[in-house]
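Visitor: Residue numbers for the sequence shown follow the numbering used here, so the first one is 46 and each next one is one higher.
Because the hints were derived from the structure by calculation, they are not lab data.
Check before you lean on any hint, since a few could be wrong.
Claimed, not checked - Label pairs and their computed distance ranges (CB to CB):
| hint | residue 1 | residue 2 | range |
| --- | --- | --- | --- |
| 1 | Ala170 | Gly90 | 14 to 24 Å |
| 2 | Glu190 | Glu79 | 14 to 24 Å |
| 3 | Glu130 | Glu60 | 36 to 46 Å |
| 4 | Glu173 | Ser61 | 26 to 36 Å |
| 5 | Arg112 | Lys92 | 21 to 31 Å |
| 6 | Asp167 | Val76 | 41 to 51 Å |
| 7 | Cys52 | Gln96 | 38 to 48 Å |
| 8 | Arg178 | Cys52 | 34 to 44 Å |
| 9 | His128 | Leu47 | 21 to 31 Å |
| 10 | Ser48 | Asp167 | 39 to 49 Å |
Each residue gets a CB set at the ideal place from its N, CA and C atoms; glycine is no exception.
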Amino acid sequence: MLSLQDCLDLADLTESEITSIAKHEHIPPIVALELGQQLLRTPEGLKKLRQFLVDDIAAARARHNCRQCERFSQTLEQYIEGHPECREADSARALRLLELVAIGQAQRMGKSPDATSAAHRDSLASIEDAKRRDDCCACMRLSRELVRALDPGDEEADQEQG
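Please put together the full structure from these sequences, using the hints given.
Guide: Shown next as structure tokens:
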């Protein structure tokens, strides 16, 4: 008999992606894993999985749960990196996806050696403060600002899309 961990080891999805599917669809993780595997097979399914993550981020923001918003944002970032065909062609939607991914990017980039300046440390402290207050809007705005500061090429991409 296969355990859930055995199935996870064989899956083309991360554990956080499976958690997102399970939460979004209100189903057990093993069923979410199977659903996710099926959705990975088509372009429409890939977009549907992306939308599950976007919906989970929105739900976490509505509940003012910044920690969960951060986890789902990081998952969305990893998902889009792993499935570049899921990038949005529509510029308004693409910009919205970038905003959702910003929290995960800021956390990852904030741990890099390039983020050692006082300004970057202050930005990370402000993000942590916003998370403690469960102020997801401020957390997302501050994260986006930090991503722009740490990755100037990202700002150029925003200007092209806007």
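Visitor: Now tell me if each hint is right for this structure.
Guide: Cross-check of the supplied hints:
The hint said 14 to 24 Å for the Cβ distance between alanine 170 and glycine 90, and at roughly 40 Å that hint is violated. Between glutamate 190 and glutamate 79 the beta carbons are some 40 Å apart, a value that contradicts the proposed interval 14 to 24 Å. For the hinted restraint 36 to 46 Å between glutamate 130 and glutamate 60, the CB-CB distance of approximately 22 Å leaves it violated. Checking the proposed 26 to 36 Å range against glutamate 173 and serine 61 shows it is violated: the Cβ atoms sit about 21 Å from each other.
With their beta carbons about 27 Å apart, arginine 112 and lysine 92 fall inside the hinted range of 21 to 31 Å. Separation of aspartate 167 from valine 76 is about 44 Å and conforms to the stated range, judged on CB atoms against 41 to 51 Å. For cysteine 52 paired with glutamine 96, a C-beta distance near 23 Å fails the hint of 38 to 48 Å. A C-beta distance of roughly 38 Å is found between arginine 178 and cysteine 52, which places it inside the suggested range of 34 to 44 Å.
For histidine 128 paired with leucine 47, a C-beta distance near 25 Å keeps the hint of 21 to 31 Å intact. Restraint check, serine 48 to aspartate 167: a C-beta distance of roughly 45 Å satisfies the suggested window 39 to 49 Å.
Violated hints for the displayed structure, listed by number in ascending order: 1, 2, 3, 4 and 7.
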